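Novice: If you want the building blocks of each chain, they are given just below.
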Amino acid sequence: MLHVAIATRAFRRYSTYRAATLAGIFTNSVFGIIYSFAYLAVWRANPTAGGYDAQDAVTYVWLGQALLMTIALWGGGTTDDLAERIRTGDVAIDLYRPVGLVGWYLASDLGRAAYHLLTRGVGPTLIGFLVFDISLPSSPLNALAFAVSLVLAVVVSFAIRFLVASTAFWLLDQSGVKVMSGAFAIFFSGMMLPLVLFPGWLGTLARALPWASYVQVPADVWLGKHTGLDLLAALGFQVMWAVVLLAACQGVLRLATRKVVVQGG
Amino acid sequence: MSATGPLIDVRDLERTFAVRRRVDGRRRRVRDSVLAVHDLTFAVAAGEMVGYIGPNGAGKSTTIKMLTGILVPTGGQVRVAGLDPNRDRVELARRIGVVFGQRSTLWWDLPLRDSFELLQKMYRISRARYRDNLDRFVDLLDLGDQLDTPVRQLSLGQRMRGDITAALLHDPEVLYLDEPTIGLDVVSKGRLREFLRALNDERGTTLVLTTHDLQDIEALCDRVIVIDHGTSVYDGPLAGLHAQGGSSRTLVVDLVDEAPPVVVPGATVRRVEGPRQWLSFPADASAAPIVAAVAASYDVADLSIQEPDIEDVIRELYSRGPEPLDRR
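Quick note, the sequences are listed as chains D and W, same order. Here my numbering is used: the first residue of the first sequence is 10, the next is one more, and so on. Here my numbering is used: the first residue of the second sequence is 800, the next is one more, and so on.
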């Protein structure tokens, strides 16, 4: 109940920035179009690259643009509020509350993600749908699985962003770590290039890292690349990272409150 | 918690912080530890209003953080309402309220009402109780017109009143106030103090007040704990601070004619200006014999007594330093 209230308020809070949202949809669409033409050129040269056909590739591009803000791939989202509150010491107030910090910020981030999905997600996708030949999920089950995968993608990304923000307890400022983490995310999520194109051991490694949950796994679920048990395994992979990383968040938080001075009086 | 035990029980509390220090001639920084709080023992009974004062860096905030469970003591023991604050932080959080003058506990982007509603859910306050409390505090603190205003648009005074309401909606047993009147104008300060006193009277809410504004203390607290260099240097009634601090009162004598400094037992002349003389005498001594002695030997036109300034008293206490350290 409380967490639903937190999520709806986060949704409402983000929805006040209308102009920024419109500008963002425009940017996502422009990048979607540029990437689409680039990918089409690649797949004209190699029509089965990574087991995708040209339509898969273009769909992948628009899924990536839709997910970019929804999962806050670059970092940011409500965990930026946390990092700022750690820096100023306001986090002390959060710690006075009879509610866990991780669940609190997760609920808030899910509210934010819902808003970004409906605007920065759906908006560019409509443009892509009008301009290019994008495939839709092949069955209601596939669509449902994608919805689950999307939520898990947000949770995994949240946990990593929470860990990045927590570094502020020790470093006072998250920005260096955030930039580094963002670089890892853009490369290993499959945002820049689908992980299915990564060769040999690099591909194996990339598909095992948590960032694969961000774009590659949801995209493959949407494209119907996983069926039956394989689909469960794909979602299970995301669940595994979500659980491990959320547990790490709890651990880091406990460590922080034990060892570290909360800033200021 | 036992019915007779103190609400807040602090024994031999200690907190050290590890710091790294640069030492000349060495390449690496040396690990060192700083005693932020040590040998701190006090107890607060339910319903007390206690002023917790001390200079910057004395260990006030560190103590409050340990009382509320967001900082683990490195030694000694803390019990609040029978709970170990750090171990039972979440449970304790339901029973305490915290107000910071310099930080808001409200959500910046949300209307005041939304913050209150989130708190209702967070503290699981029953709908009826919530309505009652909200109506009451909104009325007493005159917040009716601000309920739908986003917090970022409130004035400091309005925000502060919002923060106090937020801290009280769940009927906390203890309210910690950190510089609650900082930056407020005189009228707002007065109203806030009045409200806090009524809260303590009517609901028996225990108040622990950290402040630099000694008028807050004088208006609200029957008892003060003075902390300096991490430990308590005074714990007792406000009035007793005068004796402890070795402060003095001043007898201002207006003589009919100019005269050399008057000589009376128990008082010394500090200043002479024409027919007016300033005599100081210990704050805990009676003024009556001194007044009588002056009147018996001189022609007096007028007399008045100036009470010692509490700030001077505390400054005096601070400058003497903590006794426990000396004893070591």
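By construction, these hints were calculated from the structure, which means they are not laboratory data. Remember, it's a predicted structure, so these values are computed and weren't measured experimentally. Incorrect hints may appear among the rest.
Cβ pair distances, simulated, as ranges [unchecked claim]:
1) W/Arg930 with D/Gly260: 56 to 64 angstroms
2) W/Arg928 with D/Gly112: 18 to 26 angstroms
3) W/Arg923 with D/Phe138: 26 to 34 angstroms
4) W/Pro854 with D/Arg267: 40 to 48 angstroms
5) W/Asp947 with D/Val131: 29 to 37 angstroms
Covered, in the sense of this in silico footprint (three residues per stretch, anywhere, with C-beta under 8 angstroms from a C-beta of chain W), are these stretches of chain D [said to hold, decoys possible]:
6) 11–19
7) 104–117
Glycine included, each C-beta is placed from N, C-alpha and C at the ideal position.
Novice: Using the beta carbons of W/Asp947 and D/Val131, state whether their distance is inside 29 to 37 angstroms or not.
Specialist: holds (31 angstroms)
Novice: Can you tell me if the segment 104–117 of chain D counts as covered by chain W, using C-beta to C-beta distances under 8 angstroms and a minimum of three residues?
Specialist: holds (count 6)
Novice: Do the Cβ positions of W/Arg930 and D/Gly260 conform to the proposed distance bound of 56 to 64 angstroms?
Specialist: violated (40 angstroms)
Novice: Does the beta carbon distance between W/Pro854 and D/Arg267 stay inside 40 to 48 angstroms, or does it fall outside?
Specialist: violated (28 angstroms)
Novice: Would you say the C-beta atoms of W/Arg928 and D/Gly112 sit inside 18 to 26 angstroms of each other?
Specialist: holds (24 angstroms)
Novice: How does the coverage statement for the segment 11–19 of chain D fare against chain W, requiring three or more residues with Cβ below 8 angstroms from a Cβ of that chain?
Specialist: holds (count 4)
Novice: Can you let me know if the beta-carbon spacing of W/Arg923 and D/Phe138 is within 26 to 34 angstroms?
Specialist: Taking Cβ atoms as reference, W/Arg923 and D/Phe138 lie about 45 angstroms apart, which means the hint is violated.
Of the numbered hints listed earlier, those contradicted by the structure are 1, 3, 4.
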